[in-house]
Amino acid sequence: MTNETLIQDLENATRIAQAGEQAPLLGGPVGLMWASLTTVALMIHGAVVAGWIGIPAPMTGLIWATQGIVGTVLTIILSRGQSTKPGCHSFANRAAEGAWIAGIIMISTFAISLVIGAATGQTEAVDFNFIPPAAFAISAVINGMLAKLTGYGYLKFSAVMSGVATAVTLMMVRQPEMYFVAGALLILSGVIPSFIENRRAR
Amino acid sequence: MSREPEFDISQVDEVIHGRIRLAVMAYLSAVSPASFPELTEKTGTTNGNLSTHLTKLESANYVELEKGYKGKRPQTLVHLTATGRKAWLKYLSAMRDIIGV
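Line by line, the protein sequences are chains Z and Y. Mapping of the first sequence onto the UniProt record's numbering: position 17 corresponds to residue 17, and the numbering continues sequentially without gaps. Mapping of the second sequence onto the UniProt record's numbering: position 64 corresponds to residue 64, and the numbering continues sequentially without gaps.
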């Protein structure tokens, strides 16, 4: 192997390694689905507590149970074939998968603990209002980490907007309008970045 | 007098030192595991040729092949082993010495 051939082969190998490193994140379809579904659920929840929809406020649990079931079924459908896409096992994709699984477990644990607390008289209805800020905070951490790993601008934007959403929803935690504001902020922090991620992966 | 880069030719890992195996190791260093079709596409080689090179890498314990099914379709995933990653880094270092960078 001549020096020139060696350099060409090494350049080729570098290009291939970089292509693997820069493989796009593949979570766009699932992320867009969850962000959209949660935005709708937040808006409906806000409409219920504002009295615009004539169902009792305690029934808002059904909204979120429906969101969880529909979201889980759609996740299974949308995830089919993802594991055969090129780059699906890149470091960034594995980090994203692990981080979001952990994040969803934590948000679910938070919510379930509040439900158990309410059923046993340990927590109050208003305590459920802390779920959106907690979810935004977890999202800010995850997107911030992924932005650092990948350098993608849309993830930096998502992390910043999630951080802003955490602060705003916490400040409004005792106001019923918080759910509308959370829905609007989720469009900025979740729906739009997921849409961009979806397009990048095509 | 400038110092010539020193290298020991025996440091060049002949298992990795080949265009296809070099490309496979480069891709697996970033994406592991990778599927067989993924590696075929990225290295620009044929299935048969890739199989031959993977066998050599597997014999050296640089990669591990995981054969399974995705639904009803057979799927082979190629993992870079810890031994393989160390060998890859050592190979890169040896190449830098040869080229003098």
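What the hints contain is simulated information worked out from the structure, not anything from laboratory work. Ideal Cβ positions, reconstructed from N, Cα and C, are used throughout, including at glycine. Please note: incorrect hints may appear among the correct ones.
[Unchecked claim] Derived DEER-like restraints, expressed as beta-carbon distance ranges:
#, chain 1, residue 1, chain 2, residue 2, range
1, Y, 48, Z, 7, 48 to 58 Å
2, Z, 62, Y, 90, 56 to 66 Å
3, Y, 72, Z, 171, 48 to 58 Å
4, Z, 58, Y, 75, 40 to 50 Å
5, Z, 202, Y, 55, 44 to 54 Å
6, Y, 97, Z, 70, 52 to 62 Å
7, Z, 83, Y, 48, 34 to 44 Å
8, Z, 7, Y, 49, 19 to 29 Å
9, Y, 59, Z, 75, 33 to 43 Å
10, Z, 72, Y, 14, 18 to 28 Å
[What the hints assert, rightly or not] In silico DMTMM-like pairs for lysine to aspartate or glutamate, Cα to Cα no more than 20 Å straight-line:
#, chain 1, residue 1, chain 2, residue 2
11, Y, 72, Y, 58
12, Y, 86, Z, 21
13, Y, 90, Z, 11
14, Y, 56, Z, 127
15, Z, 156, Z, 21
16, Z, 85, Y, 41
### Query
Do the beta carbons of residue 58 (chain Z) and residue 75 (chain Y) sit within 40 to 50 Å of each other?
About 48 Å separates the Cβ atoms of residue 58 (chain Z) and residue 75 (chain Y), which means 40 to 50 Å holds.
### Holds or violated: residue 72 (chain Y) to residue 58 (chain Y), with C-alpha atoms at most 20 Å apart
violated, 26 Å
### Task
Mind checking the hinted window 52 to 62 Å against the Cβ distance between residue 97 (chain Y) and residue 70 (chain Z)?
holds, 58 Å
### Query
Are the Cα positions of residue 85 (chain Z) and residue 41 (chain Y) separated by 20 Å at most?
holds, 12 Å
### Query
Keeping to a limit of 20 Å between CA atoms, is the pair of residue 56 (chain Y) and residue 127 (chain Z) held or broken?
violated, 60 Å
### Query
That 48 to 58 Å hint for residue 48 (chain Y) and residue 7 (chain Z) (C-beta), does it hold up?
With Cβ atoms ~28 Å apart, the hint is violated.
### Cβ distance range 18 to 28 Å for residue 72 (chain Z) and residue 14 (chain Y), holds or violated
Given range 18 to 28 Å: violated, Cβ gap about 51 Å.
### Task
Could you say whether the range 34 to 44 Å given as a hint is met by the Cβ separation of residue 83 (chain Z) and residue 48 (chain Y)?
violated, 25 Å
### Task
For the range 44 to 54 Å, tell me whether the beta carbons of residue 202 (chain Z) and residue 55 (chain Y) fit it or not.
Check failed, 35 Å falls outside 44 to 54 Å.
#### Entry: Given pair status - residue 21 (chain Z), residue 156 (chain Z), alpha carbons within 20 Å
holds, 18 Å
### Task
Just tell me: holds or violated, for the beta carbon distance of residue 72 (chain Y) and residue 171 (chain Z) against 48 to 58 Å?
holds, 53 Å
### Message
Checking one constraint from the list: CA of residue 86 (chain Y) to CA of residue 21 (chain Z), max 20 Å. Satisfied?
### Response
Holds - the C-alpha atoms of residue 21 (chain Z) and residue 86 (chain Y) are around 18 Å apart, at most 20 Å.
Going down the numbered hints, you'll see the structure goes against 1, 5, 7, 10, 11 and 14, while the others check out.
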